[in-house]
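Number of protein chains: 2
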Amino acid sequence: MDKQTVQRIRDAIDRRFDEQVDFLSEISSHASTRGAEQSAQRFMRDQLQERGYQTDMWEIDVDEISSLPGFSPVIGNYDEALNLVATHRGGTGGGRSLILNGHIDVVPEGPLDMWHRPPYEPWCEDGWMYGRGTGDMKAGLVANLFALDGLREAGYQPAASLYFQSVVEEECTGNGALACLQRGYQADAALIPEPFDEKLVTAQVGIIWMQVYLRGTPVHAMQTSSGVNAIEAAIPLIAALRRLEKDWNAGDKHPRFEHVDHPLNLNIGRIQGGDWASSVPAWCCFDVRMGIYPGQDIEAAGRKLEECILDASQEDPYLRKNPPQITYHGFRAEGYSLADHDKPEAHEARQVLERAHHAVTGDELQAMPITATTDARFFGLYADTPALVYGPRAESIHGFNERVDLESTRRVTHSIALFVADWCGLEKINRK
Amino acid sequence: MDKQTVQRIRDAIDRRFDEQVDFLSEISSHASTRGAEQSAQRFMRDQLQERGYQTDMWEIDVDEISSLPGFSPVIGNYDEALNLVATHRGGTGGGRSLILNGHIDVVPEGPLDMWHRPPYEPWCEDGWMYGRGTGDMKAGLVANLFALDGLREAGYQPAASLYFQSVVEEECTGNGALACLQRGYQADAALIPEPFDEKLVTAQVGIIWMQVYLRGTPVHAMQTSSGVNAIEAAIPLIAALRRLEKDWNAGDKHPRFEHVDHPLNLNIGRIQGGDWASSVPAWCCFDVRMGIYPGQDIEAAGRKLEECILDASQEDPYLRKNPPQITYHGFRAEGYSLADHDKPEAHEARQVLERAHHAVTGDELQAMPITATTDARFFGLYADTPALVYGPRAESIHGFNERVDLESTRRVTHSIALFVADWCGLEKINRK
Numbered sequence: 511m512d513k514q515t516v517q518r519i520r521d522a523i524d525r526r527f528d529e530q531v532d533f534l535s536e537i538s539s540h541a542s543t544r545g546a547e548q549s550a551q552r553f554m555r556d557q558l559q560e561r562g563y564q565t566d567m568w569e570i571d572v573d574e575i576s577s578l579p580g581f582s583p584v585i586g587n588y589d590e591a592l593n594l595v596a597t598h599r600g601g602t603g604g605g606r607s608l609i610l611n612g613h614i615d616v617v618p619e620g621p622l623d624m625w626h627r628p629p630y631e632p633w634c635e636d637g638w639m640y641g642r643g644t645g646d647m648k649a650g651l652v653a654n655l656f657a658l659d660g661l662r663e664a665g666y667q668p669a670a671s672l673y674f675q676s677v678v679e680e681e682c683t684g685n686g687a688l689a690c691l692q693r694g695y696q697a698d699a700a701l702i703p704e705p706f707d708e709k710l711v712t713a714q715v716g717i718i719w720m721q722v723y724l725r726g727t728p729v730h731a732m733q734t735s736s737g738v739n740a741i742e743a744a745i746p747l748i749a750a751l752r753r754l755e756k757d758w759n760a761g762d763k764h765p766r767f768e769h770v771d772h773p774l775n776l777n778i779g780r781i782q783g784g785d786w787a788s789s790v791p792a793w794c795c796f797d798v799r800m801g802i803y804p805g806q807d808i809e810a811a812g813r814k815l816e817e818c819i820l821d822a823s824q825e826d827p828y829l830r831k832n833p834p835q836i837t838y839h840g841f842r843a844e845g846y847s848l849a850d851h852d853k854p855e856a857h858e859a860r861q862v863l864e865r866a867h868h869a870v871t872g873d874e875l876q877a878m879p880i881t882a883t884t885d886a887r888f889f890g891l892y893a894d895t896p897a898l899v900y901g902p903r904a905e906s907i908h909g910f911n912e913r914v915d916l917e918s919t920r921r922v923t924h925s926i927a928l929f930v931a932d933w934c935g936l937e938k939i940n941r942k
Numbered sequence: 511m512d513k514q515t516v517q518r519i520r521d522a523i524d525r526r527f528d529e530q531v532d533f534l535s536e537i538s539s540h541a542s543t544r545g546a547e548q549s550a551q552r553f554m555r556d557q558l559q560e561r562g563y564q565t566d567m568w569e570i571d572v573d574e575i576s577s578l579p580g581f582s583p584v585i586g587n588y589d590e591a592l593n594l595v596a597t598h599r600g601g602t603g604g605g606r607s608l609i610l611n612g613h614i615d616v617v618p619e620g621p622l623d624m625w626h627r628p629p630y631e632p633w634c635e636d637g638w639m640y641g642r643g644t645g646d647m648k649a650g651l652v653a654n655l656f657a658l659d660g661l662r663e664a665g666y667q668p669a670a671s672l673y674f675q676s677v678v679e680e681e682c683t684g685n686g687a688l689a690c691l692q693r694g695y696q697a698d699a700a701l702i703p704e705p706f707d708e709k710l711v712t713a714q715v716g717i718i719w720m721q722v723y724l725r726g727t728p729v730h731a732m733q734t735s736s737g738v739n740a741i742e743a744a745i746p747l748i749a750a751l752r753r754l755e756k757d758w759n760a761g762d763k764h765p766r767f768e769h770v771d772h773p774l775n776l777n778i779g780r781i782q783g784g785d786w787a788s789s790v791p792a793w794c795c796f797d798v799r800m801g802i803y804p805g806q807d808i809e810a811a812g813r814k815l816e817e818c819i820l821d822a823s824q825e826d827p828y829l830r831k832n833p834p835q836i837t838y839h840g841f842r843a844e845g846y847s848l849a850d851h852d853k854p855e856a857h858e859a860r861q862v863l864e865r866a867h868h869a870v871t872g873d874e875l876q877a878m879p880i881t882a883t884t885d886a887r888f889f890g891l892y893a894d895t896p897a898l899v900y901g902p903r904a905e906s907i908h909g910f911n912e913r914v915d916l917e918s919t920r921r922v923t924h925s926i927a928l929f930v931a932d933w934c935g936l937e938k939i940n941r942k
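If you're matching them up, the sequences are chains W and G in order.
Just so we're on the same page, the numbering used here is the position in the first sequence counted from 1, plus 510.
Just so we're on the same page, the numbering used here is the position in the second sequence counted from 1, plus 510.
Treat the hints loosely; a few may be bogus.
A pair counts as met if it fits within one copy or between any two copies, since identical chains are not told apart.
Only pairs whose alpha carbons sit at most 20 Å apart, straight line, appear in this in silico SDA-like list of lysine to any residue [as the list claims (entries may be wrong)]:
hint, residue 1, residue 2
1, 513, 662
2, 513, 578
3, 756, 745
4, 853, 546
5, 814, 512
6, 756, 832
7, 938, 636
8, 938, 824
9, 831, 659
10, 756, 698
11, 709, 566
12, 763, 875
13, 763, 522
14, 709, 817
15, 756, 785
No wet-lab data here; the hints were simulated from the structure.
No experiment lies behind these values; they were computed from the predicted model shown.
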């Protein structure tokens, strides 16, 4: 690509950047937590249609995906779980096809009083945009769209098929990305601008979610000694899981995570138990999230977690007879390592991104393994499609006052546009 | 009272006992948990009006009671928190006046699958009636009513003023009983048939409820080590409270609790924390219930509990800077000891009940201290009215498959009727 074309594309993106920031603010004002993504998806669909894309919005049908590899147990139901894909068909069909993927769902905002301002009224300050989902990952999702807009404004379009995906369920199962695969959306590579500081994610862990439900013997609080407090019975089980986490991290590390201090993170993310201060609680339920390495057998890992919990229960006379119920709900996500993806396209795609990143920033593209999961695993593991995760700098994702760096978002938008141009090839748009 | 009169009264109660059981079943089918007592209260009011009582049903006004001794911080709001009092005026006015008190509110039923049958569809088996609230304390409340019915059916009415009270809020604050006092309902003694196995409660502990709210530092679960898990931060605080409970029980016992193995019970009755399995929880909140002795200063006890929690927080580098918030909600209940109530009426009332109990059962009335609270404290402490707690045998109150012994309920109904007859005196009803 000649320097002039690059410059024309980059200028077009810069010209529209204020509009891009407004768009990000608008879409971040939709509180698109799990089950509530509809208005954000409809807004996105309308925007895509205005731009002339052919759009496909559909409700995920669990029956169609539940037997596929990578499927995770559903939480709640999928009424109105809307996935959205816009398709661009290259006129000449000469280039390599591409999926630009992003997720529309955000994690819950938590207690409002811990936010400086309301989480769904995005605000800008010192070059950052704040708000739930701004970083994770609406800035990336919008960057995908405005990268394509930039190409168009410069008079170009991708010379190959390109699928713009806005999916649900990334934060709990990945079943949104899986449903896109099942519906037939496949390409030569995928790019997901998750907010990892303009670095390329070369490996990601797998994630298991499970829910542990304990019973107690409820009595009036006046006779606490004759009851079994289900809340306090949970404490040694949590301690046992922490020991297991320590063991796993002390063991041999996956080569891609050799320099990561603590690759496999346990989180006790939620707890609920009991109904009344003066009744010994009859039940307690807590949510476990645990990381595993790429290539680690997820069934075996799940069994080890279960064993850990059940072994700890043996120490408790009541739990020994009334073992906790363990259910899987949400992530059963395998790890994925782009760096080990044994396919020429994986190497090529990475090189193309390296060039784009260098052209925009002047720096080498840094690579990093992450201790989280992304939807990249679906493309990489189940469709043999190299999946690059590369997005803007953000802070406090899943936390309070989540924020994304707007200049970083701008740079990433440039890089994505140049990546698309290079990977798919460009063709002039015939303006009539 | 001559033997014939006694027999006539007791026969009348027996004749109507099937109806009494039906009434108990009917009122126990109302799920009168906190905030949902209205239908049960309206049913009770209609029943009282049918019997010709003058009834007074009113919504508790927090402003009218909040500055009174014994008031406990309100949970939720008091819209439609309906108290009910029916008044009987003795024609001659010669006897001693009496309050027959009971509470209509029940504690939450907990997970339904732990009940053999639905908790608000009472069922009878082997002489027990099962269902939430049957024991605690609708059987006693209904016994009060049918004891009066028995007297009437035998041709008598109390010769003094008698107030039949059906109150709310016993299970969390006692503000229902307090509101009755504030409204002017006072008498020479009170009887509350709480389900304590046909024994007389001679002392009851005080109860403090508090809620402990912890903050964490929420981050994405991929960086758990940089966040502070508010759920796990709560664990050492709970452990510290257990140590304090141990210390308090190891110390000098209140004389009335000398033979009680473990008088002061701590309960961690409820916990909630976190919003998402893959977010380090930003918050956790747990409910504490702790017993104190009669005469123990409740302010000082509360401060000791607070100190215990805050001292334990000092051990945690994050909590040291972000100490938990402690709020009082619900019980701030002082202990009460009928046995130490220094007033002739206290001794007399006890003797009258001893006679009634002996006449019905042939046994001596046993006395017991209890490690719970009842509304007796309001009458005893704040109106200098001896308050007798004496009711039927029940099991699994606050638990699953709560049940009350029907023959015990019958005996208690007899005893209450004879107590009323003896305490208030009887006068013949003039049947026109």
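TODO: Evaluate residue 756 and residue 832 at a C-alpha cut-off of 20 Å and name the case that applies: within, between, both or neither.
DONE: neither (27 Å within a copy, 27 Å between copies)
TODO: Indicate which option fits the pair residue 853, residue 546 if close means a Cα-Cα distance not exceeding 20 Å: within, between, both or neither.
DONE: Cα proximity of residue 853 and residue 546: none, with 38 Å in one copy and 65 Å across.
- [ ] Give the relationship of residue 756 and residue 785 under a CA distance limit of 20 Å: within one copy only, between copies only, both, or neither.
- [x] neither (33 Å within a copy, 24 Å between copies)
Task: Status of residue 662 relative to residue 513 across identical chains (alpha carbons, at most 20 Å) - done: Only inside one copy: residue 513 and residue 662 sit 17 Å apart there, 105 Å across copies, limit 20 Å.
Open item on the list: When Cα atoms must be at most 20 Å apart, do residue 763 and residue 522 count as within-copy, between-copy, both, or neither?
Closed with: neither (45 Å within a copy, 82 Å between copies)
TODO: Classify it for me, residue 709 with residue 566: is the Cα-Cα distance of at most 20 Å met within a copy, between copies, both or neither?
DONE: neither (31 Å within a copy, 73 Å between copies)
Task: Intra- versus inter-subunit Cα pairing at 20 Å for residue 938 with residue 636 - done: neither (38 Å within a copy, 88 Å between copies)
Task: Same-copy or cross-copy closeness of residue 513 to residue 578 [CA-CA at most 20 Å] - done: neither (45 Å within a copy, 82 Å between copies)
Open item on the list: As a check of your reading, is residue 709 near residue 817 (CA-CA no more than 20 Å) within one copy, between copies, both or neither?
Closed with: neither (37 Å within a copy, 48 Å between copies)
TODO: Classify it for me, residue 763 with residue 875: is the Cα-Cα distance of at most 20 Å met within a copy, between copies, both or neither?
DONE: Result: close neither inside a copy nor across copies, 24 Å intra and 72 Å inter.
- [ ] Up to 20 Å between alpha-carbons, please classify residue 831 paired with residue 659: within, between, both or neither.
- [x] neither (63 Å within a copy, 48 Å between copies)
Task: Intra- versus inter-subunit Cα pairing at 20 Å for residue 814 with residue 512 - done: Neither. Shortest intra-copy (55 Å) and inter-copy (76 Å) distances fail the 20 Å Cα cut-off.
When held up to the earlier numbered hints, the structure conflicts with 2, 4, 5, 6, 7, 8, 9, 10, 11, 12, 13, 14, 15 and fits the remainder.
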